[in-house]
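Each protein sequence line maps, in turn, to chains A and B.
Each residue of the first sequence is one higher than the one before, counting from 1 in our numbering.
Each residue of the second sequence is one higher than the one before, counting from 1 in our numbering.
Don't take each hint at face value.
Here are the simulated DSSO-like cross-link-like pairs (lysine-lysine), alpha carbons at most 30 Å apart as the crow flies [what the hints assert, rightly or not]:
1. A:K34 - B:K154
2. A:K97 - B:K154
3. B:K154 - A:K69
4. B:K154 - A:K78
5. A:K69 - B:K51
6. B:K154 - B:K54
7. A:K39 - A:K97
8. B:K148 - A:K78
9. A:K85 - B:K54
10. A:K34 - B:K46
11. A:K69 - B:K105
12. A:K78 - B:K54
If you're looking for bench data, these hints aren't it; they were derived computationally from the structure.
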Amino acid sequence: MLMSNPTKMRATVANGVTEVRALLQHEMETGRRKDESGKLVPAWYITDFKAQHNGRTVLEGQFGTSVSKNPFLVFRFKGGKAGDKLAFSWTDNRGEKRTDEVAIG
Amino acid sequence: MQEHDPSTMDISRRLALKAGAGLGLFGMLATLGLLPKSAWAGIERKVFEAKSLKEAFQAMGGLAPADSNFVLLDVPETAENGAMVPVTVESRFPRTEQIAILVEKNPTALVENLTIAEGTEGFISTRIKMAQTSSVIALVKADGKFYKAVREVKVTAGGC
Numbered sequence: 001m002l003m004s005n006p007t008k009m010r011a012t013v014a015n016g017v018t019e020v021r022a023l024l025q026h027e028m029e030t031g032r033r034k035d036e037s038g039k040l041v042p043a044w045y046i047t048d049f050k051a052q053h054n055g056r057t058v059l060e061g062q063f064g065t066s067v068s069k070n071p072f073l074v075f076r077f078k079g080g081k082a083g084d085k086l087a088f089s090w091t092d093n094r095g096e097k098r099t100d101e102v103a104i105g
Numbered sequence: 001m002q003e004h005d006p007s008t009m010d011i012s013r014r015l016a017l018k019a020g021a022g023l024g025l026f027g028m029l030a031t032l033g034l035l036p037k038s039a040w041a042g043i044e045r046k047v048f049e050a051k052s053l054k055e056a057f058q059a060m061g062g063l064a065p066a067d068s069n070f071v072l073l074d075v076p077e078t079a080e081n082g083a084m085v086p087v088t089v090e091s092r093f094p095r096t097e098q099i100a101i102l103v104e105k106n107p108t109a110l111v112e113n114l115t116i117a118e119g120t121e122g123f124i125s126t127r128i129k130m131a132q133t134s135s136v137i138a139l140v141k142a143d144g145k146f147y148k149a150v151r152e153v154k155v156t157a158g159g160c
């Protein structure tokens, strides 16, 4: 199995609100696309994600197949400080998981 | 013991049964809470298989979400690439619990469902796939009630 690629993240705090921009690297195959030989490409997509600030979940969600390839998310939460840890985890429909971390800047 | 309004209970049971009929046995079981939820919090995975908006709303427990100007939905009028349509949803309800994005004419209606923690803003910006010109729906749950905003996006090249 191919290894997944890290989630690219930037988290910045201003006026007590932390804004996170996350780019998840994933094919997000719908299961309806055909390859060059006309064979259906099996569905392969992130089903769940979770963002945690110092261990506390600030946002979690579920994806269907209509989220774009390399899913992009911007969200904001109160209470982050520069240097705090922000962890982003996802799991896909094949059971692959990964977690990446960034320090709030 | 907690008091229940019998009329409300009756309605919610009827709606649950209706939702069950719409989605078949699986939907019924999901509605009755007999199936496991997704890996983390949120709704049952089967809701993502709902073909129509009505089925999806029913399965999420928000049968007839009211239009609300407290829900702001920012989408382009025209999307040249249906594979990557930017969507931003902002809820002005003080305690937003959930934000979901749906596309009426996609093969399955529900695109994503987000659980908003306390202290997290009722805001999300993301990118979605659209098969064809369709209504995009931002569904928001706040204080236990569902609200929505709807915008049409013209898609020139479908991306599903």
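Status of each hint after checking the structure:
no.: 1; hint: A:K34 - B:K154; verdict: holds (24 Å)
no.: 2; hint: A:K97 - B:K154; verdict: violated (35 Å)
no.: 3; hint: B:K154 - A:K69; verdict: holds (20 Å)
no.: 4; hint: B:K154 - A:K78; verdict: violated (36 Å)
no.: 5; hint: A:K69 - B:K51; verdict: holds (21 Å)
no.: 6; hint: B:K154 - B:K54; verdict: holds (21 Å)
no.: 7; hint: A:K39 - A:K97; verdict: holds (27 Å)
no.: 8; hint: B:K148 - A:K78; verdict: holds (25 Å)
no.: 9; hint: A:K85 - B:K54; verdict: violated (40 Å)
no.: 10; hint: A:K34 - B:K46; verdict: holds (24 Å)
no.: 11; hint: A:K69 - B:K105; verdict: holds (19 Å)
no.: 12; hint: A:K78 - B:K54; verdict: violated (35 Å)
Hint compliance for this structure: hints 2, 4, 9 and 12 are not met, and every other hint is.
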